[in-house]
Every structure is written in structure tokens, then in C-alpha cells.
Amino acid sequence: MDINNEISLRLRFHKDIPENADVLRQKFANYTQIKSNDYFVKIRGYHIWLNLKGPQKKYYSPHLHLELEPTSPTETNIRGLFGPDPNLWTFFMFLHFITAGIFLIFGGIAYSNYILTFDTTFDFIVMILMVIVWFLLYFIATQIRRNGNNQMKYLEDLYKEILNS
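Following numbering that gives the first Met the number 0, the numbering of the sequence shown begins with 0 at its first residue and continues without gaps.
There could be a bad hint or two in this list.
[Unchecked claim] Once the Cα atoms are required to be at most 25 Å apart in a straight line, the calculated DSS-like pairs of lysine-lysine come out as:
#1 152 to 26
#2 26 to 52
#3 159 to 57
#4 14 to 152
#5 41 to 152
#6 57 to 34
#7 159 to 34
I should point out that these hints are in silico values taken from the structure, not numbers from a laboratory.
Required output: the full structure, derived from the provided sequences and hints.
Right, dumping it as C-alpha cells:
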């Protein structure tokens, strides 16, 4: 998977494997028995999460979520999603909602001031600042993803190793 040519912040992939979903699930379950200082595997039904732990885990460390979808008794489609730490993702969503809320509030105030023929300069300045904050949040998120590229490759190699076991 080419990480650098993606616009989206959460990279997705899918792969068809000529094995039963239960057999694949068992391969991942076997890896939960291995006590590694680098990663851990969590399984809930046909959803599997590969996470980094210990000294490797940073605020920008990604996790890999895999969903096993049986397409036939002998074939499985694996849908994968690289995502940021859930706490970091929640924080960024909070910042986006606050930014959007401030933009909408000052848009309403600007409209009211315009109708009442009051000065709208401050309202438009705040709205422009919120647009700049949105772009700034996007660029910060791309930088965080770029910091985690090596760890994404590590998780992808781990995923491939488990599939080949």
C-alpha cells in the first residue's frame, strides 16, 4: 500500500484471501498468546485490532483495524483501516466541532449585524480565522500521519506475517 499518495487521513485497504474466515480468525487468536513488548492483538468477533504498546507507542502511533467478511466458505475479504489513537481522533473531532460551531455562530451574528446595518468586520475576521484553523487542523493531521508512517508499515508487515503463518 502506498501511504504517501493518499489524500485521506485514514488509509483503507481490502484484500481477498482464499481461506475461511474462522481459520484466519484463529491465526490472529494464536498471536494473542504471544506476549510481545511491541504490539498486542485484540479480537471481538470478526473484528481485529493490532496496536503498538510500550516504548514504541507515541501520541501519533496508528492502530490497524481489520474486519473479516466471509464471501464464501473458502474465501474471506479483509477490510483494513489504519487509524489514529482513538483519544487523539476524539480530540481532533472536538476541535473540528468547536471550530465549526464558532464559524456558524459568527456567521449568524454577521447576518444579524448586516440586516441591522451594524459593522460586520469583526464577525468576518473571526469566520476567516476559523477557515484558517480548519486548514491548520488538516495540515497538523497530515503531519501526525507522516510521523506514524514507519509504524503503519510495521503494523502492515505484522498483519502479513500473521496471514502467512
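| message | Run through the hints listed earlier and report the numbers of any the structure violates, in increasing order. | response | Checked against the structure, no hint fails, so every one of them is satisfied.
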